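*Asks:* What follows is the residue order along each chain.
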Amino acid sequence: MSKDCGKLDESGAAEIRSDGMYPVKLNKIINLFESLPEDERRETLVSYADNAKKQEPREGENFNLVDVRKDEECMDTVGVYLHVDENGKAHIRMTLGPEVQTLTRAMTAVLCKGLESCTPQEILDLPSDFVTRIVGAELVRIRSQTIYYVLTRIKSICKVYLDRQRMAQVA
Amino acid sequence: MSTHPTQYAHPEALVETDWLEKHLNDEGIRIVESNEDVLLYDTWHIPGAVHIDWRADLQDPVIRDYITPEKFAELCSKNGITPETTCIFYGDKANWWACYALWAFRLFGHEKVKILNGGRDKWKAEQRPMTRDVPKYPKANYPMPKKRFDKEIRAFADEALAQSKADKPLIDVRSPGEYKGEITHMPEYPQEGVLRGGHIPKAKSMPWKTATKDDATFKPASELAKIYFDQCGVKPDTDTVVYCRIGERSSHTWFVLTYLLGLDNVRNYDGSWTEWGNKVGAPIEKGA
Chain A
1 MSKDCGKLDE SGAAEIRSDG MYPVKLNKII NLFESLPEDE RRETLVSYAD
51 NAKKQEPREG ENFNLVDVRK DEECMDTVGV YLHVDENGKA HIRMTLGPEV
101 QTLTRAMTAV LCKGLESCTP QEILDLPSDF VTRIVGAELV RIRSQTIYYV
151 LTRIKSICKV YLDRQRMAQV A
Chain B
1 MSTHPTQYAH PEALVETDWL EKHLNDEGIR IVESNEDVLL YDTWHIPGAV
51 HIDWRADLQD PVIRDYITPE KFAELCSKNG ITPETTCIFY GDKANWWACY
101 ALWAFRLFGH EKVKILNGGR DKWKAEQRPM TRDVPKYPKA NYPMPKKRFD
151 KEIRAFADEA LAQSKADKPL IDVRSPGEYK GEITHMPEYP QEGVLRGGHI
201 PKAKSMPWKT ATKDDATFKP ASELAKIYFD QCGVKPDTDT VVYCRIGERS
251 SHTWFVLTYL LGLDNVRNYD GSWTEWGNKV GAPIEKGA
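Taken in order, these protein sequences are the chains called A and B.
With the working numbering applied, the first sequence covers 1 to 171.
With the working numbering applied, the second sequence covers 1 to 288.
None of these hints come from the bench; they were simulated from the model.
Quick caveat, the model's predicted, so the values are computed rather than measured.
Each hint should be verified, as a subset may be incorrect.
Residues of chain A placed beyond 10 Å of chain B at every Cβ, according to the derived structure [to be verified]:
id : residue
1  : Phe33
2  : Lys53
3  : Phe63
4  : Val84
5  : Leu103
6  : Ala168
Here are the simulated SDA-like pairs of lysine to any residue, each with C-alpha atoms no more than 25 Å apart in a straight line [stated by the list, open to error]:
id : chain 1 : residue 1 : chain 2 : residue 2
7  : A       : Lys53     : B       : Thr131
8  : B       : Lys180    : B       : Thr212
9  : B       : Lys213    : A       : Lys54
10 : A       : Lys53     : B       : Arg132
11 : A       : Lys70     : B       : Asp214
12 : A       : Lys54     : B       : Met130
13 : B       : Lys139    : B       : Asp57
14 : B       : Lys71     : A       : Pro37
15 : B       : Lys202    : B       : Ile183
16 : A       : Lys70     : B       : Glu36
17 : A       : Lys70     : B       : Arg132
18 : B       : Lys71     : A       : Asp39
By construction, the Cβ of each residue, glycine as well, lies at the ideal position given by its N, Cα and C atoms.
Using the sequences and the hints, build the whole thing.
*Replies:* Take a look at the structure:
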């Protein structure tokens, strides 16, 4: 993870580094989940899942990249919308089809909030081991591998963005 | 099979959504939700329903097997269930896991079991009552079952092989792509968990969904009879083995054959393709 993650951005809105591993906002969410007993962890996950709809694109927003597709890792269509602002900070929005499972919805809200204002490179460099710390071992199962899916999709759009940036620089 | 029934063999094994809404508070029933989506119960459930998780509650955490009779008695007691309680199962995915839980309850000899026809999706589509309140029931005293009915309703790999060799009805209820060996998991799921694709030799393909209508309710008895008696060669006087990938879709078919068509010699091979496809020495066939 880039150490630049520790700086405040120019607007002063986003402090995004804590222990060098995870962005501050994400780290707070991880710490919150790890402090919760199992029943409260479930409640909190459901609460995040309820908020997934708030992560959808809002009227008037523009995006550098949009990736809406349905593939076999997930039960329904998932859309990822990336806007990178003038300071190089990423802002992610997402849309989820009705068949998307509750844990995937929860992870959508967690990641959109936790990664807000990280750079695309910071998102790409993020290790995925925090997912189980949020979800908890009890809920991680063979058929819940899709908990990693949203992170994979977000990383994927960031990679495309960075690749295109590099190509533009070369050209 | 020339005679097709016009009615389900055990119509009492199904309850309809309108009936259940009127009987939510009946004494002697327990509504049980069982899903694939592990957090779905927490988002809403039928008022009064308890949650039984197919993995955390019904499976042994160490051995690939079901819980012990002692643990089953504990599970029921915790949910206020006695041997006299009528358990009405429902869930997501057209009741796959509801049928799986029902089958597991039968494995321990619990006799009073029913399925909510159409499951969770139908209940929601009809805008019937939903809640997030988790009910609390007085602890019951469920006696430890004296036996598990593995021999009667469960098949193991060697028995599935014997079924194949004897040319007896063996039904693969997975999707056509899984049966042919083109994929190793359902369409739309990560392809994981098994080394080889295909099916058990001589197994007939009849996807579980063939037994349901678009709203996830079961087809009429006459249609089910045509599907399973005529097309699959199932016979009332011959034992039948059904399997899928991990045993939940085949529980759905097991329910159809046992309760709706009235066969009393159907076994669910719950080890299914995740065992067979990985098993050393197990023969497979590919293609249609």
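*Asks:* Honestly, which of those hints from before does the structure not fit?
*Replies:* 5, 9, 17
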